[in-house]
Structure formats: structure tokens, C-alpha cells
Amino acid sequence: MNKVLLIIQREYLTRVRKKSFIIMIFVVPLLILAMGGAIVWIAKSSEQLAGLHVINVVDDTKLYANKFHDTPNIKFTVTNDDIKTAKAKFKDDETVSTLYIPGNYHKSGAIQVFSKKKAAIQITDEIQKQLNEITAANIMEKNHIDTAVLHTLKKVDFSVTAVEITKAGDKDANLGANIGVSIACAIFIYLSLLIYGGQVMRGVIEEKTNRIIEVVISSVKPFQLMLGKIIGVGLVGLTQFSAWIILSLISSKIAGHAFNSPVSPMAGIIATLSTIPFGYILGCFIFYFLSGYMLYAALFAAVGSAVDSETETQQFMFPITMPLLFTYILSVSVLFRAPDSPLAVWLSIIPFTAPVAMMVRLPFDPAPWQVAVSMCMMVVGFLFTTYVAARIYRVGVLMYGKKASYKELVKWFFYKE
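If you count by UniProt numbering, then the sequence shown holds residues 1 to 417, one letter each, in order.
Since the hints were made in silico from the structure, they are not lab data.
Possibly wrong hints are sitting among the right ones.
[Claimed, not checked] The calculated DSS-like cross-link candidates involving lysine-lysine, where the alpha carbons are at most 27 angstroms apart (straight line), are:
no., residue 1, residue 2
1, Lys62, Lys84
2, Lys62, Lys142
3, Lys142, Lys116
4, Lys118, Lys107
5, Lys62, Lys116
Just need the whole structure built from these sequences, with the hints factored in.
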């Protein structure tokens, strides 16, 4: 046990004493804050950044001309030129597009937008939206329906608030905040497992190629070395995440004081996030980070022991990371929309997919038994992968110059002590 502790100490101190580690502790929270501010600023000023685009309308039907209305980024003009002349006039102007509405406009694909460059999606969407509105108004006028009534109906804007029934009483469900937190957790878990698991693999490859491993193995057992490296790097990751969380909380407090006005958007965001049970989610995050990291890091260590350079790892890395990548893609696209679906439940229980899937589901209050089963399966999965990886690691770490294959890995697994 003392030997394992010495390896853990070495792996931990070697990494946390690096200048890059200390710098990144402070830089990452600042970058996240800067990125968040940049996203808000870009979203608010996107209309100004897009610039003004002119749509030259050629309307053979005379049903749509002069009925388009301008937007901050789009200006509509009407021409009496035929489509061939109108296209020729602006064929070299990237700021002008020509909208052609032929007599057979109701046929699929008949209405076209011609431009020097591919038209932006916001332009085609705006044209389509206004065409639909004008068509609806034309039909109502033809049937002597008062369009003024329609305009009053369009001004009606309902807002639906999701309310959760709890034993303590009704409370705002804060769906937007929960979705944001669930996706953020999925991204953090996915990145952390790959980053820190990759560090274990690269460390094993480096020591193996430098032949340091031969000296170390003479003093400790391969399993002790693998376990020490995994735990040491894991503690580095936990230290880094803890520092980032503390700095983020401090930043949130400062932001809360700086934007304490009741009408401030930042104050509203902070108030919304404060309703989410961060203590519970943080505790689960630490568990799934550690258990998921231990599970995948053991496999990464086995891969590192089986190859002589990082370029040879690709054939083994994809099968290992595929479940994680598959769940990550589903998490940011599907799972947060249906967090209690059978797919989400099973993905949050299977050890190879649970770290990402369960973190997506946690803000939506999954059943306690599902969380308990998921955690138990993570422990079982970690023990199983560690056993498998250790069997491969004990042989592979001393193999040089031989290109490993899946068949070789199976042989190494069944070698007797």
C-alpha cells in the first residue's frame, strides 16, 4: 500500500507543480466568463454585425409586390424588370439578391432567390415567413375576411410556466436552467474523461518508451503501478475541477453584487440558477467524474501499455471511446428533451455511458432507485475494467517492438502469473 501511495504522490505532485497547471486553474474560469460575455454580446448585436442586405423583388403575379416589409437587416425593393434583366444588374453585387415569384408560384421550387453568394439562412427564412403571411392575407381578402382582426390576434402572446409539485409545495421548474445545467454537465464529464484518461495513457507510453518502466517494475507490481498512476492523475483532475468550481462561485458572487438591480438580466440569471440543487448535482458530478474516470483510465492505461507510440493507439481508442461519444451526441441533442425515456434510463445505468447520461438526467430529478442502481453499476464496472486492464497491463508494459493486436491482447489477458 505504501508503494501505491508513493506512486500517487509522485504522479500528483509532478503535475500540480507545473506552471501550466497553475496558470490554467486561473485562466479557464476567466476564459469561460469571457466566452459567456462574448456570446451574449454577439447575440445582442448579431443584427448589426450581419449588415444590410437588399432583396430585389421580381413579381410576375403582382400579388406580393409592395407587401414585403423591411427588417433591420433586410430591405425589400420592387422592380418592373424581367428576371433575366434583374439578375444581370446585380450579378456581381454580394449585398443584393433577386427574389423571383413566377406566375406558377404555387408549384414546388418555383420561387427562387438568386445571389452572387449562397444566401444566408436568415434571409431565406425571412422571405419564406413573409411569403406565407402575405399569402394568408391575400386569401382572407379574397374571402372578405377582415385582416384587422387577424392582426389583433397575432398580438396575443401567451407565456406558459412549468410548475413542479413537491412535498414542500409548488415551485418553478426552471426548464431552461435545467437544460443548460444538464448539457453543461454532459460536456464537462465527456471532456474530463477524455483529457485525464488520455494523460494516463500518454504517461504509460512515455515511461515505456524511455525504459523507465523496467526500473519501476523491479520495485512494484504492475497492478500497483497502474493503480497509482490512475489515482494520482484523477486527484489532479479533481483538484483542478475543485479550483474551477470555487473560482466560479466567487465570480458568481461578485457578478451578483455587481448586477443586483432587479431589472438586470444577470441578476435574473443568477436568481434562476440559485433554484437548482447545486449541492446534490455537484456531489453526483464528483462521483461520476471519479468512477467514470477510473473506469476509462484503466482501459486507457491498458492501451498505453500495449503500444510503443501514441500514433498506434487509434485502433484501440475508437472502440473504447465510442460509447462515450455516442452518449455525448445523444445528450446534447436528444436526452435532455426526454430525460425519463427508456433510452435515457438505460444509458444512465450502463457503466460505459452512465457518467454522461446520468449527469444530463440529474437536473430533471430521476427516480432515486435509478440513481442508486446507476452508482452501483459504476462501481461494478470500474472493478471489472480495472481487473481486465490489469491483466493486459502486466504483460503489455514490458513488451517492446511488437505491434499489438486484439488477438494479442486476449492472449495477454489469459497469461498466468
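Hint check:
no.: 1; hint: Lys62 - Lys84; result: 17 angstroms, holds
no.: 2; hint: Lys62 - Lys142; result: 15 angstroms, holds
no.: 3; hint: Lys142 - Lys116; result: 37 angstroms, violated
no.: 4; hint: Lys118 - Lys107; result: 22 angstroms, holds
no.: 5; hint: Lys62 - Lys116; result: 25 angstroms, holds
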